[in-house]
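Peer 1: Sequence:
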Amino acid sequence: MTSSGTDETRFRIGQVCDVLRPEFPDISISKLRFLQDKGIVEPERTPGGYRMYSKQDIEALRVALHMQRDQFMPLKVIREELRRRLDAGTLGQAAPAAGAAAGTGDAAARRVGTMPSAGAVRLGVEEQLVSAEALVRAAGVTHEFLEACRQADVVTGRRDAEGIVLYTPDEVGLVSLAGSLDALGLDLRHLRQAVMAMGRQGAIVEQYAAAMLRAPGDEARERAVHTVESLTSQLAEFLRIAFVRDVKLMTARATGTGRNHSGAGPRATAPLI
Numbered sequence: 409m410t411s412s413g414t415d416e417t418r419f420r421i422g423q424v425c426d427v428l429r430p431e432f433p434d435i436s437i438s439k440l441r442f443l444q445d446k447g448i449v450e451p452e453r454t455p456g457g458y459r460m461y462s463k464q465d466i467e468a469l470r471v472a473l474h475m476q477r478d479q480f481m482p483l484k485v486i487r488e489e490l491r492r493r494l495d496a497g498t499l500g501q502a503a504p505a506a507g508a509a510a511g512t513g514d515a516a517a518r519r520v521g522t523m524p525s526a527g528a529v530r531l532g533v534e535e536q537l538v539s540a541e542a543l544v545r546a547a548g549v550t551h552e553f554l555e556a557c558r559q560a561d562v563v564t565g566r567r568d569a570e571g572i573v574l575y576t577p578d579e580v581g582l583v584s585l586a587g588s589l590d591a592l593g594l595d596l597r598h599l600r601q602a603v604m605a606m607g608r609q610g611a612i613v614e615q616y617a618a619a620m621l622r623a624p625g626d627e628a629r630e631r632a633v634h635t636v637e638s639l640t641s642q643l644a645e646f647l648r649i650a651f652v653r654d655v656k657l658m659t660a661r662a663t664g665t666g667r668n669h670s671g672a673g674p675r676a677t678a679p680l681i
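Going by the working numbering, the first residue of the sequence shown is number 409, and it counts up by one from there.
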């Protein structure tokens, strides 16, 4: 996907990170390079080989990152949707549901587009379950990969009254992300370890919330649900930040760009990206 337009303003890759970071705090130069490799954008090159991004490139990246983060759309679908929008001159418009973008025409798959955005936690809300067929189309994976995810306990599904296994929107997102991670070389066995670790974190919420959720009275239970929603969102963000910090420290040690710290645990270093 190449740059176009008459605007001559161009940005270096580090400047693009600075522009996008307020919306996407984890954006990095390596992430932008990865998106280029996947055909999301194709920045121009200077005679010296430096990437130079147009404003249209940056807008395409912004739209792509929103689709990936908020709708769990696979990069193949994102690339096709961006190409369609560029041709139609509608790049900045809201993203369609994941199933609609994939052109499935399947109502169940289209509902996948209503998956919660990253960080949003809603409990006690009835979820629209989708079939395995709708899931693999929306997530951009094969039935074999979905079965491998089931074997690795990444997802489990739920059986309806007729014995058909259905999946929640969260599970669609998990399979889609598992597919992207698999393409990067991360084996499902490692994701199983991550799921088991998350189960231990979930036990923290369960221990804290069990008594609250059993409180008598509808109002008391509603307050308890809101409290648990807030707790879950903040704990998830805490774990995300701690994970990113540890990876930065690991990268710094491996590349020799960080300093050694004494003490019981890892401490923050200067930004590495």
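In short, the hints are calculated from the structure, not lab data. Keep in mind that the hints are not guaranteed to be accurate.
[To be verified] Each computed DSBU-like pair below joins lysine-lysine, with the alpha-carbon atoms no more than 35 Å apart:
1) K439 <-> K463
2) K463 <-> K484
3) K656 <-> K439
4) K484 <-> K439
5) K484 <-> K446
6) K484 <-> K656
7) K446 <-> K463
8) K463 <-> K656
9) K446 <-> K656
Peer 1: So, for every hint listed, does it hold in this structure?
Peer 2: A quick look at each hint next to the structure:
Only pairs whose Cα atoms come within 35 Å are accepted, and K439 paired with K463 is accepted, the gap being roughly 18 Å. Among the hinted pairs, K463 with K484 is consistent with the structure: their alpha-carbon atoms are about 22 Å apart, no more than 35 Å. Taking the CA atoms of K656 and K439, the gap is about 14 Å. The hint holds against a cut of 35 Å. The hinted pair formed by K484 and K439 meets the criterion: a straight-line CA distance of about 16 Å does not exceed 35 Å.
Pair hint K484 plus K446 holds up; C-alpha atoms about 8 Å apart against a cutoff of 35 Å. Of the pairs offered as hints, the one joining K484 and K656 holds, with about 28 Å between alpha carbons and a cut-off of 35 Å not exceeded. The straight-line distance between the Cα atoms of K446 and K463 is roughly 19 Å, inside the 35 Å bound, and the hint therefore holds. Proposed proximity of K463 and K656 is supported: the alpha carbons are some 29 Å apart, at most 35 Å.
Taking the CA atoms of K446 and K656, the gap is near 24 Å; set against the 35 Å cutoff, the hint holds.
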